[in-house]
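S.K.: So you can see what is in the structure, the chains are spelled out below.
There are 2 protein chains.
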Amino acid sequence: MSPTRREQIRAWLILGRVPGLGPAGVDTLIRHFGDPIRILAAGRAELQATGLKPTVVDAVLGPQEAAADADLAWAEGEGVQILTRDDPGYPSLLAEVSAPPILLFVRGDPEVLKDPMLAIVGSRNPTPSGREATRELARHLAACGLTIASGLAIGIDGAAHEGALESGRTLAVLGTGPDRVYPAAHRDLARRIARNGALVTEYPPGSAPLGRNFPRRNRIISGLSLGTLVTEAALKSGSLITARYAIEQGREVFAVPGSIQSPLARGCHALIRDGAKLVESAADILEELSPLLGALVTGAGDSEERSAGKKAAGLDPEYLRLLENLGHDPVSPDDLIQRTGLPAQSIASMLLLLELEGYVSSCPGGRYCRSA
Amino acid sequence: MSPTRREQIRAWLILGRVPGLGPAGVDTLIRHFGDPIRILAAGRAELQATGLKPTVVDAVLGPQEAAADADLAWAEGEGVQILTRDDPGYPSLLAEVSAPPILLFVRGDPEVLKDPMLAIVGSRNPTPSGREATRELARHLAACGLTIASGLAIGIDGAAHEGALESGRTLAVLGTGPDRVYPAAHRDLARRIARNGALVTEYPPGSAPLGRNFPRRNRIISGLSLGTLVTEAALKSGSLITARYAIEQGREVFAVPGSIQSPLARGCHALIRDGAKLVESAADILEELSPLLGALVTGAGDSEERSAGKKAAGLDPEYLRLLENLGHDPVSPDDLIQRTGLPAQSIASMLLLLELEGYVSSCPGGRYCRSA
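Each protein sequence line maps, in turn, to chains A and B. If you use the working numbering, the first sequence corresponds to residues 1 to 372, in order. If you use the working numbering, the second sequence corresponds to residues 1 to 372, in order.
In isolation and in its complexed conformation, chain A is listed as follows:
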């Protein structure tokens, strides 16, 4: 890491620790000063000219350096990455939302944040069948290359992470600092997520599991994801907050119906009444997300060029490399890893996207061939 980059991250960390500033306040300052180092070099008069409240200006001028230095040293020691908003690795879907976190602490593989994600959230006290349906949906969807985002809570969140770990990757968004696991019962689960995915948080080391953190944290879960699935939830529950964020962020909302006798179906039924897609199986979600996944694949291409005919021309270079190594004879993913040199975990989600876009077909024995 170049010293300059380290200085920048340190500046973001300092801003992140300014009480009362928050992502929206940082946005205001970035608009005035351009980057975090310039913000911290500004004097009181310049800061006041931005329109920030005097108490917040005092806080920006206050002493956050020591804590930020400690955060940085801790993260380096732990191998925890810090993705600031100006980092190319900062997740693009999250960058689109209102007041995105100014930085994320990432324990595990930061590459996971580039995967297409689906959030699965729900009650902390699910029914046995709700828990099982969640685990099975997560397992199926993760096998199809969707990384499952959730909140590491007991109940539905835990079932979603567990199901995803059986067949793919998962991401936990914390309401605590990156040095804590809450709830403690999920310590082992958190370790396994760090190995097959990542744990992320916007809260600096030492942040306790304060009640107010969790609703705010939910905007990150939905904001990272193409859509949010609620499998069991009471009315007035945190899961409905996540679903409301998803709606505000323009993302898909999915809900699993249940018995009218079950209070844990009420939240899902309310979402369905408000327009959420009713989900009976993983296929219902894949069908709905397939156009969005397509947009991710071809997002970088020029739209005129894409509509002009040669669809494959809009694909990213890695997808083209994968396609070039696929023929009409079925090939196993293992062979594709050897042929392309692409990492195994990328290949699973790339094959999903290509299949949903109609470039490749899955064949018996878990193998793939070109469709066209």
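Think of the hints as simulated: they come from the structure by calculation, not from any bench.
The list treats identical chains as one, so a pair stands whether inside a single copy or across any two.
Derived SDA-like pairs: lysine to any residue, alpha-carbon spacing no greater than 20 Å straight-line:
1) K114 to E252
2) K114 to G89
3) K277 to R266
4) K236 to E280
5) K277 to L235
6) K114 to L286
7) K236 to S281
8) K53 to R31
9) K277 to E287
All figures in this text were calculated on a predicted structure; none of them were measured in a lab.
Given the coordinates of chain A, assemble chain B onto it according to the supplied hints.
M.R.: Quick look at chain B alone, frame taken from chain A:
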């Protein structure tokens, strides 16, 4: 009954028995000849000029008289009423649908056909909880003055009739002649329905429970009703046929969600995906139907006059009589029966409509008072 009216009914019965003619064919003939007696007086050349197929013209000229006379004699002997399409007692909502039955045999109280109705239909093999939820919804809705229409089948239909009988009235639409009860296991239920509602059918006496009758019969169940509620149904079931008729007829469709593990929730979930209202409780239905019930109450009024301000001016005379006998002191329905001379069963549904329209409020002890 005047001899002329008897002759007319006989003519409708004859037309009803013409093989291959059906309600749509009768419509064609009525447009040409004006009434059923004139149709039967027409010669071959006149009938052919209507564009009917020659085999159908032969059938109209054929011998149906003896069977129609037997139907008439049977109905008179049994106290079964025959409501032809030109009878003022023919249900007005059913008259609006495509190819309404040309006549209905009615065992029980024909006044029931003037009630606001809700159809409740579903699987012949429901789950215990589906059966119980159906019974409870029917009981609650019948108590609110909605007459529950269904098909007398075992399973959900039976539960709907049973629930309605606990608190109000119900109507069974048969796929057989009025002289049969199918299934035989519902013989006692049919007797109780005839005492607290009615059994109706378009099929003449002697008609067997042919498979093809039941899907056609379903258009009557939905056609009589403001809306159709499906509580449990498989995909590709008769209940979905009834719901499809309801949609074609411009009526409301309601469906109860269930576990994604239950094959009997699939039909309901398919309906919800297609726009049916998701129902968790009777209140969800009452809320949706309240404007329609209002239209029934004020249907006869002149719209300009109604929008001019005096809402109550648009009410039917019997509703006005009821309102005039209600003050701001709560009154029991029994007192209202005495004061107005209106029948007890009418008063329950009239009070529901007035309550939904905001004219009256229900008070503790099952009493009512004026709202405004």
